[in-house]
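Novice: Given next are the chains, with one letter for each unit.
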Amino acid sequence: MPPKTPSTPGKTVRAKASATASPIASVTPLKPLAQPEPSAGPPPNRICVRIGVGGPVGAGKTSLVAAICRVLRAEYSLAVVTNEPQTREDADFLLGEGFLDPAHVRAVQTGCSPQTAIREDIAANLDAVEALEESLDPLDLLVVESGGGDLTALFSRGLVDRQIFVFDAAAGARAARKGGPGVDRADLLVVNKTDLAPLAGVDLEDLRRDAGARRESRPTLFTSLTEHPDAPAVADWIRGLIEERRTLLGRG
Amino acid sequence: MTRSALLLLADSRFPAGAHAYSGGLESAAAAGRVHDAATVYEFLLGRVHTGALVCASFAAASWLCTDREALAELDHEYDVRLLSPTLRGHSRRLGRHLQRAVAATWPSPRLELVRGLDPAGAHHPVVLGAACAAAELTVDDAATCAVHATLAAPANAATKLLGLDPNEVSAVLARLAPTADRIAARAVSLARMARLRSDPGMLPALGSPLLDLTAEDHAGWEVRLFAS
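From first to last, the protein sequence lines are chains A and B.
Reminder that position 117 of the first sequence reads as 1070 in this note's numbering, one-by-one numbering, no gaps.
Reminder that position 10 of the second sequence reads as 4 in this note's numbering, one-by-one numbering, no gaps.
These are computed hints drawn from the structure, not numbers from a lab.
A couple of the hints might just be wrong.
Calculated pairs, SDA-like style, for lysine to any residue (alpha carbon to alpha carbon, straight line, at most 25 Å) [claimed, not checked]:
| id | chain 1 | residue 1 | chain 2 | residue 2 |
| --- | --- | --- | --- | --- |
| 1 | B | 154 | A | 1091 |
| 2 | B | 154 | A | 1163 |
| 3 | A | 1131 | A | 1086 |
| 4 | B | 154 | A | 1105 |
| 5 | B | 154 | A | 1109 |
| 6 | B | 154 | A | 1060 |
Predicted model, so just to flag it, every value in this text is computed and none were measured.
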């Protein structure tokens, strides 16, 4: 038989979701189990900030990633992992823009399930992320772009530190209202292609209100890469994360 | 050992990256060789008697082995049985993914024995054998798990690519189950025999030349849904 791994007997802790007030005085109310922090930071020894960019097909994820890379590559060392449900098209598009070295872009094949590869089975993405971090050390920023998913797409916290969910303002009149893990819980919601919204009869103020209602205090940015090709607001948000991380590690 | 550990490891939802691999089914479907439940059955029948037996023999042999040098030799023997460089690469990548998931799920020095056998990671069946040992499963479990993994990947891909009735595909797998069990048992016997003679070269070397060829072709497709 294989050698056994020593195991420590664990204590079973039970707690109700809201065990703050027990009607039975003799029972000491248990503290609720600690909930994982929605935006838990990366491991303390890693300088590289990993950011996931997700959203439906055609939302403008790849164009946004290209803009981020174009703007931030002068300031930071960065790399991109693309998730390809079908082809290497996203990776080739980024390389075709000519501002990323092929060594800084990796494509991960997702086998018909773009959401599986960023959420419940992150093995291939982690493999690519860690290989890039190792070969390009030190890396400040690593962007993982998901394949086009739907409103339920959400990155695993085992893969990225923060995530951006992008959707098309012109296609998304109901997206913000319907919500879903991506819209509700992403660290940053980007409502993209705002220039097309009036053409589709979408009122941006309605979107802003619906997104605000679903996202509580989490930020939402409105962008149009046609009007502002460098996506300055998104780039600033990412700069803030990188600087925060550097300060935290005393490398500012 | 626990039965639950076996179910957990064999579950296609175990996060070891297998969901992106069709095991040659995408090529077979594109060529029209597989198009319904009956042809999925034929495809899998071929796999169970060839690739699954080889994979299971190596998983069992890896389970039986606790010597790092012998494990390296085993890894090499598996390598030379894969004619397609693409499939060699996939096998090592899946081995890496499995190693990562199992290291987090059942951390054990037994699993660490296969780490770094090759810079690109040990081959999938070699890691699977060690993973089963780490999870305190039996050698029979290791072989069964290997056979199941070899069949489940193309079966799942068939459902996704061809829109087949998932119930029919499950029925196909159930029909193959007795054969799968016999193949797993044979794999364990072959692994024990090779162990007795200290000769991993004795392990089976059955192949599927068409799958080797289509794997190389598939890697160059411009549009493909699966990694294999």
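Novice: Quickly compare the C-alpha distance for residue 154 of chain B and residue 1163 of chain A to 25 Å and report which way the hint goes.
Specialist: violated, 35 Å
Novice: For the pair supplied as a hint, residue 154 of chain B and residue 1109 of chain A, is the alpha-carbon distance within the 25 Å limit?
Specialist: holds, 23 Å
Novice: Just to be careful, I want the Cα atoms of residue 1131 of chain A and residue 1086 of chain A compared with a cutoff of 25 Å; is the pair within it?
Specialist: violated, 37 Å
Novice: Is the straight-line distance between the alpha-carbon of residue 154 of chain B and that of residue 1091 of chain A 25 Å or less?
Specialist: violated, 40 Å
Novice: Can you confirm whether the C-alpha distance between residue 154 of chain B and residue 1105 of chain A stays at or below 25 Å?
Specialist: holds, 19 Å
Novice: Is residue 154 of chain B within 25 Å of residue 1060 of chain A, Cα to Cα?
Specialist: holds, 21 Å
Going down the numbered hints, you'll see the structure goes against 1, 2, 3, while the others check out.
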